[in-house]
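Residues per chain are reported as follows:
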Amino acid sequence: MNHSIARVAQLGVSLGLVLVLWSAASLAGWLNPDFVPAPGTILHAALEQYQEGVLMADLAISLKRSAVGFALGAVLGVVLGLLTARLRPVGYTLHPLLNILRPIPAIALAPLAIVWFGIGEPSKYFLITYTVFLAVWLNTDHGASQIAPTYIRASRSLGAGTWREFFEVVVPAAAPHIVSGLRLGAALAFLSLVAAELTGASSGIGYRIQESRQFFRTDRMFVGLIELGLLGGLLDFVFVQISRRLVHWEQS
Amino acid sequence: MNTATVSPPAPARGDVQGHDAEVRFRQRGRDIQALAPVSLALAPGSFTSVIGPSGCGKSTLLNAIAGFTPLSSGSLQVDGAIVSGPSPRVGVMFQQYALFPWFTAAGNVEFALKRFGLPRAERRTAALQALDEVGLSGKADHHPGQLSGGMRQRVALARTLAARPDVLLMDEPFGALDAQTRLAMQELLLRIWEARRTTVLFITHDIDEALLLSDRVLVMSAAPGRFIDDLAIDSPRPRSVEQIDATYIARRNHLLRLLRDAH
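Protein chains in written order, with full-length UniProt numbering: chain A, 1 to 252; chain B, 1 to 263.
In isolation and in its complexed conformation, chain B is listed as follows (with noise of 0.2 Å):
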């Protein structure tokens, strides 16, 4: 964007709109909806959560909004475009595998990088201060394989951030990481966060990460799956995981009773 020349604000973006966004395949003879008709709006930099059982159809919205997945019927759009198909502006951070492991760290945020075009010594200056960003100075020529699972997604984390989306999709990124390398990683996500104001939509299992995370939780029913709850989650900011409270609680057991329901 050229700063230079006058120009009216810009809106905000990361404005995600979904109206009766509906996935249905084909599968061995058999129809097969993996998302039942759902509408959601995401508001510009906010963070929102989706839970619900297994198989309620929550990976299949990202997918779609991740334009991976065509819907079958309705719409959904960012920024006023309709999703026809993968785009730098809609990130996405995978559970796990979704790094290249021919790249180095440094070489994977580079890749992430490639589309603004930056002289290669500007490149890797910019790749070395997104790892930087994550704590992982000093890991930038290493492999992949060489890294360890929360390190690997610290490199995914950067490398996603590097293509600077407008919306960032998160599905259960965390999920394979043990307890502490968890927390660790949703205390940098916070900060990132924090920083940008990305438009989020993180996908988890884990009520105390939505709880902790999100502005909005949303509650998904078994499949076909519908939201059956939007809870807004108005504690202050910065959090910590270290926050616990009466709020919190009932919040959390509140969850807790429509996750049990919704089997």
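Looking at chain A on its own, in the form it has when it is part of the complex (with noise of 0.2 Å):
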């Protein structure tokens, strides 16, 4: 409890302390307004665009379409990460693939994703899914391909079958590294949901970012940067807290 006083605090003292330099810049005219606004003129541009209504409705939808890619791809990601480092046929099949698709970052994908599915959601959904399964999968495979051997002796000679050892030593043992895969996955859907809102969308934070540009309102782009490092952050810090509790053991 006091440990997240203390992070709490800590996030004030930084926050605060590029707060007040930034301000102080802005007001002593070393920064160009037309460039780097003030503090003071993005929060102005964010109230402006919460009484627009474009504000909440921005973030709903991009709340969404991360949520949805997410929950997509973790699933695929841990149920194909199981299999391909437990089966190995599947695995032989399978790991020469994901060294190829690793080094497609999403944002490539994204014209090919609108070809696909449309300017509508489903081409969204699809590029984090993509990012975030890729994450989660090699994570996962990872994790699971790396089971101290003692592990899998101790159940099999206290009786357990195929499916208890899968259930009861398996995914637990791998639980770590794909809790971390999903870690990694959050953030990454943040990245590719900017990818996907960059092109062809007409609705989130990533589009309004972008249509800001049109009307050169770098007060509005900078709202939208600072959303997202907000969301981001505390998304994080929701993830790290939960997955301390779900794995446990590995504080101890």
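Each hint should be verified, as a subset may be incorrect.
[Claimed, not checked] The calculated label-pair distances, taken between Cβ atoms and stated as ranges, are:
(1) 56/A x 145/B: 16 to 24 Å
(2) 79/A x 146/B: 30 to 38 Å
(3) 28/A x 146/B: 37 to 45 Å
(4) 98/A x 54/B: 34 to 42 Å
(5) 146/A x 146/B: 39 to 47 Å
(6) 92/A x 19/B: 35 to 43 Å
(7) 72/B x 6/A: 56 to 64 Å
(8) 2/A x 120/B: 34 to 42 Å
(9) 32/B x 102/A: 54 to 62 Å
(10) 97/A x 206/B: 14 to 22 Å
(11) 180/B x 150/A: 21 to 29 Å
(12) 192/B x 79/A: 24 to 32 Å
(13) 150/A x 208/B: 21 to 29 Å
[To be verified] Per the computed footprint, the stretches of chain B lying under chain A, defined by three or more beta-carbons under 8 Å from a beta-carbon of chain A, are:
(14) 16-28
(15) 32-43
Derived from the structure by calculation, the hints contain no laboratory data. For glycine and all other residues, C-beta sits at the position ideal for the given N, C-alpha and C.
Got two chains here, separate frames each, mind docking them using the hints?
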């Protein structure tokens, strides 16, 4: 508990210092307001977006896209990762594919996603799912193929069958890697969300940043960037709290 | 086992027979002999220790009896059945890191009990009893990470015994413990073994440990390991760590000499 208070305090100090320096630099006229608006101007732009109703609408649609893509990608990644790690023929067939897919960034797939799925929601889901899936697959596969042989030996000599070995030994033994894969996946969901929204979207935080460029509204662009930063940071924080409880034995 | 039906008394279980059991494998194009052909017979209910220099093959022998390592030639049988893989009839207690850290102490024991298909509440009760037997009542809901090394090995012993093995294989189970904890564990093992009389094969580096616990001490030579002595320890039981007499010292010196020459 004291630990989390200390963390909040640290965050306050860090952000507070940046805000003070930024405001001071703006007031002193060191920053061109057309390129780097003052914090007050950005807050004003945020309020303006809030009153127009686009702030909350963008947040909602972006969160929904990330959540759907994350959920699909996470489920696919965990299932396939466990299969490729524990079933020899599946791993043999799919491991090379993993190594070829890995270097392809989501943004490079965006045009193809639009051709395949149109500019509606499915193309966004596809991009985010793909990115999350790869990260989760990779980590799950890694975790599930590196299980201490002693665990498997102990399980078998204690009379556990294949299914019990899988669900009570393999899955929990791989859980720390699965959880870090999910955490990475959650962060990547946001990155690919923006990639998806910068190309062929008409709503969402990424789209709003792109739209603001056309009107040269750097203040509104900063609103989008700050939204992404805060949202991603908050999500990661929540994720770490949950995973600490989920794989509690990793702490000790 | 159904005790209601009239049946002839079951023969003593835990009979281990090995004939020219050999383990070889290829590593980087080289043929490695991990276990030279050895023959051994462990009588049901006996306690046998194996001592020998590092790398002589004693752990390989244990892994082969456990069904973890296949034989290249020869045979191993437990109660007349050829060893073809791990089986709950052959329990193994490892040196360390074998408890499942995601389960509590009771959860680890319950993992072993699940093969009996007991109702949940009964299984839990049996697990608590097993932990009580090794002196860990009150630690049932602790995770291994919250327990000391000695306590973890107590849980490991309770878990291994909970599966009701006929043969218990122990690979330097107390090797990582400090001297005092080690003595406490040896006395605990003796007490439990004297009550259950499971056939035990115990691998150790520690001559005193072998002399305290065993009916028989088998001495292995350096690789390729062969049994170079088979020493019967007939000191009366129950034994305790305080019993040191002239016979004990003579045996100890004899084993020390053998081990020194084995290198």
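A quick look at each hint next to the structure:
Taking the beta carbon of each, residue 56/A and residue 145/B are about 44 Å apart, not inside 16 to 24 Å as hinted. At about 32 Å, the beta-carbon gap between residue 79/A and residue 146/B stays in the expected band of 30 to 38 Å. Roughly 56 Å separates the CB atoms of residue 28/A and residue 146/B, a value that falls outside the hinted 37 to 45 Å. Restraint check, residue 98/A to residue 54/B: a C-beta distance of roughly 40 Å satisfies the suggested window 34 to 42 Å.
At about 25 Å, the beta-carbon gap between residue 146/A and residue 146/B misses the expected band of 39 to 47 Å. For residue 92/A paired with residue 19/B, a C-beta distance near 37 Å keeps the hint of 35 to 43 Å intact. Checked against the hint of 56 to 64 Å, the C-beta distance between residue 72/B and residue 6/A comes to roughly 60 Å, which is consistent with it. At about 38 Å, the beta-carbon gap between residue 2/A and residue 120/B stays in the expected band of 34 to 42 Å.
Hint check: residue 32/B to residue 102/A, Cβ distance near 36 Å, so the stated range 54 to 62 Å is violated. For the pair residue 97/A and residue 206/B, the supplied restraint of 14 to 22 Å is violated, since their beta-carbon distance comes to about 52 Å. Distance hint check for residue 180/B and residue 150/A: the Cβ-Cβ separation is about 26 Å, which falls inside the suggested range of 21 to 29 Å. Under the hint 24 to 32 Å, the C-beta atoms of residue 192/B and residue 79/A, about 43 Å apart, miss the expected range.
The beta-carbon spacing between residue 150/A and residue 208/B, approximately 27 Å, falls within the hinted interval of 21 to 29 Å. Note: the region 16-28 of chain B has 0 residues with beta-carbon separation from chain A under 8 Å; the three-residue rule is not met and the coverage is violated. With 0 residues carrying a beta carbon less than 8 Å from a beta carbon of chain A, the region 32-43 of chain B misses the three-residue requirement, and the given coverage is violated.
In the structure shown, a violation is registered for the earlier hints numbered 1, 3, 5, 9, 10, 12, 14 and 15, in ascending order.
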